[in-house]
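Starting from the structure of chain B, add chain Z where the hints point.
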Amino acid sequence: MSNFVKAAVAAVIASSAVAQAQAEDIKVGLLLPFSGVYAALGEEIETGFRLGLDTFGEGSGASFEIVREDSEASPPVGLAKTRKLVMQDKVDVMAGVVSSGVLGAIRDVVDGAKVPLIVANAGNDEATGEACSPWITRMSFSNQQVNRPMGKYLVDQGITKVFTIGADYAAGQQMIGAFAEAFKAAGGEIVGQEFTPFQKTQDFGPFLAKAKSSGAQAVYAFYAGGEAISFVKQYDSFGMKDALPLYGAGFLTSQLYVDAQGRAAEGVVTALHYVPTIDNEANRQFVEAFKVKAGHLPSEYAVHGYDAARALVEAVKSGATDRETLGAALQKTSFDGPRGATAIDPATNNIVQPIYVYQIVAGEGGAQTQKVLSQLPAEADPVNGCEMALIN
Amino acid sequence: MQADLGFWVLQGLNALQLSMLLFLLSVGLTVIFGLMHFVNLAHGSLYALGAYAAATAGAAIGFWGGLLVAPFAVAALGVVLYLVFIRRMRRAGPMAQVLVTFGLIFVMLDLTRIVWGAQALSAPVPALLDGRLTILGVEYPAYRLFVIALGLAIWGVLALVLGRTQIGAMIRAGVDNDSMAACMGIDVEKMFFLVFCVGCALAGLAGAVAAPLLSVTPDMGLQILIPTLIVIVIGGLGSLKGAIAGSLIYGVVQTFGAVLFPQFASILIYGLLAAVLILRPAGLFPAKG
Chain B
1 MSNFVKAAVA AVIASSAVAQ AQAEDIKVGL LLPFSGVYAA LGEEIETGFR
51 LGLDTFGEGS GASFEIVRED SEASPPVGLA KTRKLVMQDK VDVMAGVVSS
101 GVLGAIRDVV DGAKVPLIVA NAGNDEATGE ACSPWITRMS FSNQQVNRPM
151 GKYLVDQGIT KVFTIGADYA AGQQMIGAFA EAFKAAGGEI VGQEFTPFQK
201 TQDFGPFLAK AKSSGAQAVY AFYAGGEAIS FVKQYDSFGM KDALPLYGAG
251 FLTSQLYVDA QGRAAEGVVT ALHYVPTIDN EANRQFVEAF KVKAGHLPSE
301 YAVHGYDAAR ALVEAVKSGA TDRETLGAAL QKTSFDGPRG ATAIDPATNN
351 IVQPIYVYQI VAGEGGAQTQ KVLSQLPAEA DPVNGCEMAL IN
Chain Z
1 MQADLGFWVL QGLNALQLSM LLFLLSVGLT VIFGLMHFVN LAHGSLYALG
51 AYAAATAGAA IGFWGGLLVA PFAVAALGVV LYLVFIRRMR RAGPMAQVLV
101 TFGLIFVMLD LTRIVWGAQA LSAPVPALLD GRLTILGVEY PAYRLFVIAL
151 GLAIWGVLAL VLGRTQIGAM IRAGVDNDSM AACMGIDVEK MFFLVFCVGC
201 ALAGLAGAVA APLLSVTPDM GLQILIPTLI VIVIGGLGSL KGAIAGSLIY
251 GVVQTFGAVL FPQFASILIY GLLAAVLILR PAGLFPAKG
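Protein sequence lines, in the order shown, are assigned to chains B and Z. Sequential numbering of the first sequence, starting at 1, is according to UniProt numbering. Sequential numbering of the second sequence, starting at 1, is according to UniProt numbering.
Next comes chain B alone, as it looks inside the complex (with noise of 0.2 Å):
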């Protein structure tokens, strides 16, 4: 016992005196969802993770080694194995969770074990907010951050009496939310509001006739995943585009649906923090990777495992090699990416970054593509009651 105490010691000596010089190996427990129905988005941003280990990760002088445990969509799957990677693997620093579920449920043990987690995906409002953590940094977006600035936006285009329409989760609340309470204060009015079972509608014909009498000039809509194909398909049949055009988060009509939408999503407007088309050097260099390494062009959930790589990265950079020390580094994470400026905002530990209103429209040999057609500035959240300490 005293011999390991005695070797850790040293190690812990030998590895901060030459800490620059010397490779350094971090352990990286990757917790996302590689079965149920999330295993779409985990297999996404893992190839964007890998990729930014494999991008930025050379100069770095140190080796990662990436511990994967599959978190399905369950908080208690996602717990269990949460306490396999501190506890068992012991691992330097964590990343990943896509549902917001498993965020929340995770959190206290991460929080408590003082090890750093990078979120690439839970958009959940109170992990930034009231339930936040110095050592959980997002890399991702938050749920009002995405939806706030709709509200404005739709106002200048003339549009003040709105539809809204969501999927009945956590999630679809905030999201709906934020852009409704935005919506209002820019002087618009929500004529009708449902929120529809979630995973259990397949059919959204009876809430689109609904919607179609509602006396409203426009429709706004969070889905994601099979919801986001069927609904934006279903819009389509209706033939209720002309009439109300149909706006929303842009997940709606992510990269990731945007071909199995086909047609039914062009002239479709929403928000987004990224969509391919963004036009910067670095997301330039980002889709040409990305396109080879997984055969097609990369979503938002891509980019966020490419850029909780990459902060990861450029915190081991900085010097950080354990549990406090990365965790120090994240809080003060900002570069220029594939989505422009980003940063870390200091109050909350979420990423502050620009939005982007897109349209889908039909590109080069019909396949649709997204045409940005603003920059909203960057904006950080409000606090909400986060008292977010520095951890060094």
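Hint data in this document are derived by calculation from the structure and do not stem from the laboratory. For each residue, glycine too, the CB sits at the ideal point set by N, CA and C. Take these hints with a grain of salt, some might be off.
Unchecked claim - Derived SDA-like pairs: lysine to any residue, alpha-carbon spacing no greater than 25 Å straight-line: (1) K200/B <-> Y143/Z; (2) K291/B <-> T56/Z; (3) K200/B <-> W8/Z; (4) K84/B <-> I391/B; (5) K161/B <-> P262/Z; (6) K241/B <-> L128/Z; (7) K200/B <-> L277/Z; (8) K241/B <-> L129/Z; (9) K241/Z <-> I154/Z.
Unchecked claim - Incomplete in silico selection of chain B near chain Z, CB under 7 Å: (10) A40; (11) P197; (12) S213.
Relative to the frame of chain B, chain Z by itself:
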């Protein structure tokens, strides 16, 4: 807004469309249930496979080709399932059957994910049905009308076969009392095999029809399973009349419930289910008197 006639026509068509989709699924399952008291929970997975088969074949040979291929592909899988699992599970009792077919759901879920990926697929609506038609002053997607027409046509054919032909009489006899039917010289096992294959084919057809309407995801079979079971329980085991009545009730309650009482939409159908179980435990139109 709800006084508007157009609104009711539109929602009525929506309800009918949902009913017909459920009918295609539940009719096969209910007859298998009724005929052999066999609980096949994997029926929903066959529907998902039908959708995948139609989406894949459709990409190569067009929608109509896919619509034709899917039922046969799924029926072929049904033959395999029958030979490997179902035949030897026949006398194993309902608990073992439920466990095996429940396990099959997850096996097939992962198989579809391995073969087709976790990403949702989509099948395009055929050009012929890509527009909208005006009915009673309401514009309605032509494809959904096609689903309604197809469901009604299948109902008609099945009613004719079950009610007016010799094989139909044999199936009804089997449902009513299988040992007596066997004594009368009917090869009940062979008939079960036939009905099972037709039921599988209908599930495949339902999947193929649903593919352009919904998105094709590995878990679509799980999502449709509960509604299908509700239809069967409400309608009564083993009867065609029960399947169509149950489907219509489910479609109407679900559609109008979602629109008129959104806050109760998810529990309304379960409430009805509970009421039926209390008042008519065998369902509204059970096959056995």
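Outcome of the hint check:
1. K200/B <-> Y143/Z: Within the cut-off at roughly 22 Å; holds.
2. K291/B <-> T56/Z: holds (23 Å)
3. K200/B <-> W8/Z: holds (23 Å)
4. K84/B <-> I391/B: Holds, at about 24 Å.
5. K161/B <-> P262/Z: holds (21 Å)
6. K241/B <-> L128/Z: holds (20 Å)
7. K200/B <-> L277/Z: Given that 25 Å is the threshold and the Cα spacing comes to 23 Å, the pair holds.
8. K241/B <-> L129/Z: holds (18 Å)
9. K241/Z <-> I154/Z: Distance of about 13 Å is within 25 Å: holds.
10. A40: This interface hint holds because 4 Å falls under the 7 Å limit.
11. P197: This interface hint holds because 5 Å falls under the 7 Å limit.
12. S213: Since the shortest Cβ distance to chain Z is 4 Å, the answer is holds.
Violated hints are absent here; each numbered hint is respected by the structure.
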